[in-house]
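A.B. asks: Each chain, written out:
Number of protein chains: 2
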Amino acid sequence: MLKVAVDTMGGDNAPVDIIKGAVQGAKEYGVGVILVGPQERIKSELARNDISGADIEILHTDEYLVEGEQPAYALRAKRNASIALAVRQVREGKAIAACSAGPTGGVIAAALTFLGTLEGISRPVVGGPYMGIAPNTVVMDLGGNVDCRPDQLLDFAIVGVVYARKLMNIPNPTVALLSVGAEEGKGNDLVKSTYPLLKQSGLNFIGNVEGFDLPAGKANVVICDGFTGNTLVKFYEGMGRATVKWLEEKLKSKLSSQDFAELRNQYMLLTNVADAGGGGLLWSVNGIVIKSHGGSKYSEIARAIGQAKSYYEMDVIGSLKQELATVRNRLKISNP
Amino acid sequence: MLKVAVDTMGGDNAPVDIIKGAVQGAKEYGVGVILVGPQERIKSELARNDISGADIEILHTDEYLVEGEQPAYALRAKRNASIALAVRQVREGKAIAACSAGPTGGVIAAALTFLGTLEGISRPVVGGPYMGIAPNTVVMDLGGNVDCRPDQLLDFAIVGVVYARKLMNIPNPTVALLSVGAEEGKGNDLVKSTYPLLKQSGLNFIGNVEGFDLPAGKANVVICDGFTGNTLVKFYEGMGRATVKWLEEKLKSKLSSQDFAELRNQYMLLTNVADAGGGGLLWSVNGIVIKSHGGSKYSEIARAIGQAKSYYEMDVIGSLKQELATVRNRLKISNP
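If you read the protein sequences in the order shown, they are chains A and B.
Letter by letter, the first sequence follows residues 1 to 336 in my numbering.
Letter by letter, the second sequence follows residues 1 to 336 in my numbering.
FYI, nobody ran anything at the bench for these hints, they're computed from the structure.
These figures come from a predicted structure and were not determined experimentally.
Worth double-checking, as some hints may not be accurate.
Note that identical chains are pooled: a pair holds if it fits in a single copy or bridges any two copies.
[Said to hold, decoys possible] List time: in silico BS3-like cross-link candidates among lysine-lysine, alpha-carbon distance up to 25 Å:
(1) Lys20 / Lys192
(2) Lys250 / Lys218
(3) Lys199 / Lys218
(4) Lys218 / Lys245
Using the sequences provided together with the hints, build the complete structure.
C.D. replies: As structure tokens, this is what we get:
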């Protein structure tokens, strides 16, 4: 049976919610789980859950990462940290995926150390259709790649295309470059150097888009450096909160409190990037590693198990490798 | 009497609305106007306005810029273009300010050619409290400076501080650097290099802010490169349109059509950056030049005349020069 390795000690609600979620995920999605963490704590949690029919294995370790540690250093000091062991199960072929709600830096460091990145990609790419108001638009990068080279932006585009095809069922996703004007030649140095690469990439490149094109969903994949992307999604989230406050002022005398509460909750959900992000694949890692957010409850952990299984069945890693090779070959032929 | 030079041939509604607005502005704010453009057309428009009590002078030229021309080239080919003559009145001390609703590139090119920038600033800085949802926050730069050096970001901060003090009556404006994390050391190379400059600048620097802090109005002056700023304000505008569409869906059965129309109009106004921008000073030019947006009607032209007068009376240019000198001296002492 396919197995998913779960870091039981990562996240605000570890290990209680992680173990409960893993058991639920195992039963719901018909996969095995390898629970990585202190054996006695895991056993006593399992005793409080109904585990009948679930394929559960325990992999003991007393070490785990905590929030605030310098990740690379902590991983060296704790060779058997739960996240490290979980990721190593993937490398050794004992699990199809690893899941953790632990510190982002630690999860990324473990993934990079034990699985590495796909050839040519130096750091994980973060992105997805995080703006609920434009559900068919993936923005990449939103995270760690704050200073980028043009070839990195091309890689983001490729990752975005695979994301849109596999996870959003868009067969031929449109790709656009975020800039300050629509015409070729508008933009900063990075954008101007990236434009010709995308043009020759064979991807369905539609040119530049501007800020206002994002909420309008003008392209399926929008590419930008991680500084701009991170600022944008956080701004989006902030706009949600500020707009709800403004609406409350304007509507409290005109809507019933129930109607207003419903409107508020829907708009907050639409603009809540953390929730929308939920369990996310570390794109560009050479294996399936899912980072759930730190505050995950058991239901989100269960969903992450399900995601892990479907990423495996979709062969996202294989597709990404193939797409990277295809585009790079095409560029090599254009620029011999 | 103080005089404002007005380019009567710039903008979608030129010369009719420009001349009508200039006459209204002259009467309303008690300043003289120099109408620059084709004498006969100006005279025939003036005949259709009540000009009693207005101090009006005509400066004849048949040349003017049109949308779509390459600005620097057009200015060389049309030495007496109306915008060029208007700006030259400022340089020659015949007018306290020039106003135009003509093509942005042309107005900037004329301002740079005939007035130049303040020492050490290479291009005009665009910014203001353009996000209606955070009316006490100025964001700089939003425009032409898409690739920036740290010292440019420092200049933006100084311009922003003078803007907030003079135009928004905030005596000691807080200044923040837009980044991907609150702590010093978070950010791209540009932000990391700018942080120590701001720290030593003597400005009221409160550190980094993130995207979600903008709509919350966490700082009075937020500094970023023009690529990020331009993307943000356009995204803001797009969010306005997308949110209104979403609200219509949700509220059309729950609000009267009049109540909904009111809500929609208010939110559109709040998120309409072009309108909020309206008549804007070209900050960093060594003289008062106001660029009104292309679609300006006469009332906006009249308001621009009033702005020109109050910028002159506030001595914004002198204050900016003084603040630039003070901060630069302070940094020289810290880093001899």
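A.B. asks: Are there hints from earlier that the structure breaks, and if so, what are their numbers?
C.D. replies: 1
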